[in-house]
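Undergrad: If you want the building blocks of each chain, they are given just below.
There are 6 protein chains.
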Amino acid sequence: MRHDQRQPDDLRPITVERGFTRQSPGSVLIRAGRTTILCTASVDEDVPPWKKYEDPPTGWVTAEYNMLPGSTSPRKRRDRNKVDGRTTEIQRLIGRSLRAVVDFEALGARTITVDCDVLEADGGTRTLSITGGFIALVDAVTSIEDPGFDSRRVFTDSVAAISVGIVDSQILLDLDYSEDSIAQVDANIVMTGSGQFVELQGTAERGTFSDAELAAQLKMARAGIHQLTLLQQETLGDKWPLDTIREI
Amino acid sequence: MRHDQRQPDDLRPITVERGFTRQSPGSVLIRAGRTTILCTASVDEDVPPWKKYEDPPTGWVTAEYNMLPGSTSPRKRRDRNKVDGRTTEIQRLIGRSLRAVVDFEALGARTITVDCDVLEADGGTRTLSITGGFIALVDAVTSIEDPGFDSRRVFTDSVAAISVGIVDSQILLDLDYSEDSIAQVDANIVMTGSGQFVELQGTAERGTFSDAELAAQLKMARAGIHQLTLLQQETLGDKWPLDTIREI
Amino acid sequence: MRHDQRQPDDLRPITVERGFTRQSPGSVLIRAGRTTILCTASVDEDVPPWKKYEDPPTGWVTAEYNMLPGSTSPRKRRDRNKVDGRTTEIQRLIGRSLRAVVDFEALGARTITVDCDVLEADGGTRTLSITGGFIALVDAVTSIEDPGFDSRRVFTDSVAAISVGIVDSQILLDLDYSEDSIAQVDANIVMTGSGQFVELQGTAERGTFSDAELAAQLKMARAGIHQLTLLQQETLGDKWPLDTIREI
Amino acid sequence: MRHDQRQPDDLRPITVERGFTRQSPGSVLIRAGRTTILCTASVDEDVPPWKKYEDPPTGWVTAEYNMLPGSTSPRKRRDRNKVDGRTTEIQRLIGRSLRAVVDFEALGARTITVDCDVLEADGGTRTLSITGGFIALVDAVTSIEDPGFDSRRVFTDSVAAISVGIVDSQILLDLDYSEDSIAQVDANIVMTGSGQFVELQGTAERGTFSDAELAAQLKMARAGIHQLTLLQQETLGDKWPLDTIREI
Amino acid sequence: MRHDQRQPDDLRPITVERGFTRQSPGSVLIRAGRTTILCTASVDEDVPPWKKYEDPPTGWVTAEYNMLPGSTSPRKRRDRNKVDGRTTEIQRLIGRSLRAVVDFEALGARTITVDCDVLEADGGTRTLSITGGFIALVDAVTSIEDPGFDSRRVFTDSVAAISVGIVDSQILLDLDYSEDSIAQVDANIVMTGSGQFVELQGTAERGTFSDAELAAQLKMARAGIHQLTLLQQETLGDKWPLDTIREI
Amino acid sequence: MRHDQRQPDDLRPITVERGFTRQSPGSVLIRAGRTTILCTASVDEDVPPWKKYEDPPTGWVTAEYNMLPGSTSPRKRRDRNKVDGRTTEIQRLIGRSLRAVVDFEALGARTITVDCDVLEADGGTRTLSITGGFIALVDAVTSIEDPGFDSRRVFTDSVAAISVGIVDSQILLDLDYSEDSIAQVDANIVMTGSGQFVELQGTAERGTFSDAELAAQLKMARAGIHQLTLLQQETLGDKWPLDTIREI
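Chains as they are written, first to last, in the numbering used here: chain A, 42 to 289; chain X, 42 to 289; chain P, 42 to 289; chain C, 42 to 289; chain D, 42 to 289; chain Y, 42 to 289.
Hints are supplied without guarantee of correctness; some may be wrong.
All copies of an identical chain are treated as equivalent in the list; a pair is satisfied when it fits inside any one copy or across any two copies.
Okay, derived cross-link-like pairs now, DSBU-like style, lysine-lysine, Cα gap no bigger than 30 Å in a straight line [unchecked claim]:
no. : residue 1 : residue 2
1   : K93       : K117
2   : K117      : K92
3   : K92       : K123
4   : K123      : K260
5   : K117      : K280
6   : K92       : K280
Read the hints as simulated data drawn from the structure, not as lab findings.
Using the sequences provided together with the hints, build the complete structure.
TA: See the structure below:
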């Protein structure tokens, strides 16, 4: 039993509120335990310079990640003069993960920026950003009003992410901060709703890990991602952009 | 009648949620119309270098202000390499305003940082930051557990702020963005609960203004601040740090 | 009697030297007591990007403010990696104040930059920058040689500024540094030659202030600004761009 | 057959020159095909601030990565005002990988910095930095002259790294730039000489990948790392800090 | 005859005003033709970190150089985010030149910073900064009130500087901007009052130069520096820190 | 006899390896004693903005200089947030020196960037960068394939550089770090193969120097540069872009 009464393969309680703010077409407040993230998605009818002259024109999806100062205790100093390495790494991961399920030609010559601002941090912020960011992205894409634009053609799959780790030789799903800080191995798995890997990052924070330990972690993550995909589908309701969700 | 059915001297509908996040001892989500701000207050048991050797030791209150990228449409670019002039000006105003009602000797040798992160911007973000920031500050101060520390001695008064402006020759309270962007005069008034000025900034954005116009604006602002003070008192309940609230 | 033998409503002795340097069309060395500022105004036959496509084309006036390292004792460290908040605030104020009396359509598609470099600082640098900057601006505008350009149509009014404060419960005009550093209230007033407010910033540095105290400060500032306007008119002689100066 | 006549599971020809420069105790020029990296390791008899008060005192290993402008065609602009995200990500990976095989208590209160400067880039720079950086690290550690310091106790294992990817549905080892730029999946595997994972990063650059594809990549990488470990052992000769090398 | 009626070996008319501002103990406004520089020298009773533990304690002299925006036409953009290469080069030269004539042990554990702010630039700003900076430095040193400090022991010599160049195959002294911009060779010579070289920088801006051309330039510079030394001596009057001035 | 058995006018043993890396058309590893520099030269078929509209179109040559962290002991911190003054000064010198022998019209509208990365520093890095940079520049220019481009017309002369200094009253050629750090005078001389000065920088690091001392240094430097020119000619073989080399 874990310190918060979860079983090893339990996700934390998770809630999603769409339309939390109204200036961005996608605005999702997602909470998992004591981790809270505001994911907003904005549409810009322009593309980066290196996409300007593509034929046919294609779009782009990018992400930014930031922790608010009050999201941690003690307070986190604001990144005002530079972006630290961890932040850069995370926002690149979020961007790559979201792009993996988008058809840029169907999106057309526009850029969607998904901002993941962590209001409260208790572990798992990068994976929750991907899971919530996908919902904000769908809301932003379906808000596009353009004759001839078909938002359902934009998504080739859904995407979600979860962490898994080894703590005291036991494999645990969805680590919170207190677990993460003592984990021997910490892995972040990004998968599509259809069960394919998008990204896989496993790090031995202390010592190393074996083939067998890797396999066990991947299996537990796969089950967690399936639950998250169901949650995304339920939350989005008729905005869900895919026909089916694969059974695992 | 204004575009949103308000009378000239009406505030926008305002809601406050205390304890919105849990990592910071003060965490207030304050919404006025479509302006939404998360004010968190953190306590650091240390003081700035220039306060280190004071006898008796005294504390400090400082503020930071930031607009999230998704708070505006089109998306606001993140300030990652520098802080723009407007941001600096606003966070200095918030800090000065909160410090005006704090007794630093009673606070003791600790620093409280009030972070005002704008989740949604529709005008009046700096004044709403002060009004909400005061509530977060009170929550942070009353969270301090230290024998011999008396949180009720820290506050000499309460503080709140409101904007007032001249639009089409008419004086209006609590301008939203659409009103602010066409105002001839824009003033921000910071007052204590007991009706004294803390700060007064009036700017003729187009043309100039007379003595009489100034007087009329100040009168309307004073009434608005009284309503905000009552709201602060009601929200804080038995955490309200002052004995009485003066009638105007 | 004040420490330098002034009455409460006395300005400091003030001198102005036009044409102090010769590379800029406007170059004014203005001294008030031991505060010395070099205001230069340069004309650029171009406009900011957001003005490029205006029809009819209109111009722009902007200001920069800087304190030289030797202007204070101890020496002020040079701002080489960033601009501090106070500097930003001041140069934004100077720019807004000068723009309040300029007709941008009459100016035409050009930008005038007014640089206020403080050579010696003893209080009141921001207000003296506005008073001197207006003179440099007039010199720069009248230097423009362009058939069809009428420099007299550019100015709708003149502008000057002064500080006023409360020290030991007494209201004082034009505070020097030693007075400013112990003032309970410090206000900067920017007015036109015709007696209208352009900007009004009052801050309670210690405690707060009442309606009556505000009124008394404004009255004293108004008289000071009238004297400064007369000085500007006398200094500029036949370059004075306005027909009359209003009695107060 | 690959464009450079390699079989899918062939490494590129690899050479190592120890002592390439003489100011750093570890200085290794490592070349794999047309990728050339200078790895230097410096010893500082000090530790980062957060290690100052540890008891018993322990050391630290950190890494920096940089591409020289002439390492690519067209020339790569020098990172002089900021470090780009990719650079940060890579140098964090190198540092974590080297630390995984070091016993910080045996190292004692000193910091070793491994600098990986890419002189010529043709793919695989991050993995070659780890493989070469380990050799430089060993040279630096064995150069420490301190009675009571036993360099053989510092290393718990060796570490090396290799890339593996899927190009045209075929799994390939040690991708060069031309292969990497068209890969569907790109994975970087860091393993110890004894065959344990240290880090595993798999990214679907285009599309996604399955469990089976992951397994095949890991198997090929494992064999490549074994070859690299043998090379490290042969290069270091009697400086090799471990007793045995495990058969796979 | 030159465009301003000078002979080839004529200096421009030069004036010096000591005590131009009053916050710094040394404050010199020096004008040569249309080049105007404010040199202020400040005393800090502290030394740089690398001098803290010297025994006997010794002092330091450093310099900063800056061009004001209004010093050139068109206006020079302010260096606010970085210092450009030319500025760095010049301020390092000024610092080295002044240090060449200072006895740091006699100065004692204090730092003097000489700020050279160019108010008006018409060529020769770096050499005029050295010539004027020496005067400000002497004023700052003689202002030090410390029993046991003997300001006359601080200076081992005086220092001044001048430019010399080749324009249209003719050697010219003290080039103004219009001459400098077409010079084939541009040299800056820093010498002591006793006729020794401190620094010598000759650059062929177009083509190259011979031994004979170098010798002719040095001879003309030497005569110019002698005149500048006499001017420094006359300006400083009884503050002149040296016993004699050598005839050349 | 010097500490490394050289005579006062001996150069250090020097070796040059062309084509050290293969991504840049010019790539030269040059070693003099324990100073090692990688000079790469890259061709960009574009010109800086201020050259865009020249008629006839002309090219540009620029240089960058950088010391790798492992080039010194103790390790040199990487310049990642700013370029220090010394670096800027050196790379400007290298650029000016190389440009002195290039005919920009013959080069045509292209930019060549010469990067000098110091792998190992033991004094004389700036002069060795010029000597080696010239070889890399020739290799880059002769690599240009463009009908109508004649690489032999690009060079008007060759260029090389050497340091000379006064140590213990003795004039020494090609100072290493141990000599440079105690030199009274340190001069860097840049000359063409035909014996003309390009640049001359002499600095009295301690005290000053006389006319006679200057003359003796220049004579010794001239002989050293002649040897370096012969080495450049031999190294480049039939790529040597000039017809003859002048006897001294």
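Undergrad: Within a copy, between copies, both or neither: where do K93 and K117 come within 30 Å Cα-Cα?
TA: between (38 Å within a copy, 22 Å between copies)
Undergrad: Checking an output row: K92 and K123, CA cutoff 30 Å. Within, between, both or neither?
TA: both (27 Å within a copy, 24 Å between copies)
Undergrad: At 30 Å max between alpha carbons, let me know whether K123 reaches K260 within a copy, between copies, both or neither.
TA: neither (38 Å within a copy, 40 Å between copies)
Undergrad: State whether the alpha carbon distance between K117 and K280 is at most 30 Å within one copy, between copies, both, or neither.
TA: between (36 Å within a copy, 26 Å between copies)
Undergrad: Regarding K117 and K92, is the shortest C-alpha distance of 30 Å or less found within a copy, between copies, in both, or in neither?
TA: Classified as between: cross-chain Cα gap 20 Å, same-chain 36 Å, threshold 30 Å.
Undergrad: Treating 30 Å as the Cα threshold, decide for K92 and K280: within, between, both or neither.
TA: This pair counts as within: shortest intra-copy Cα distance 28 Å, inter-copy 42 Å.
Checked against the numbered hints above, the structure violates only hint 4.
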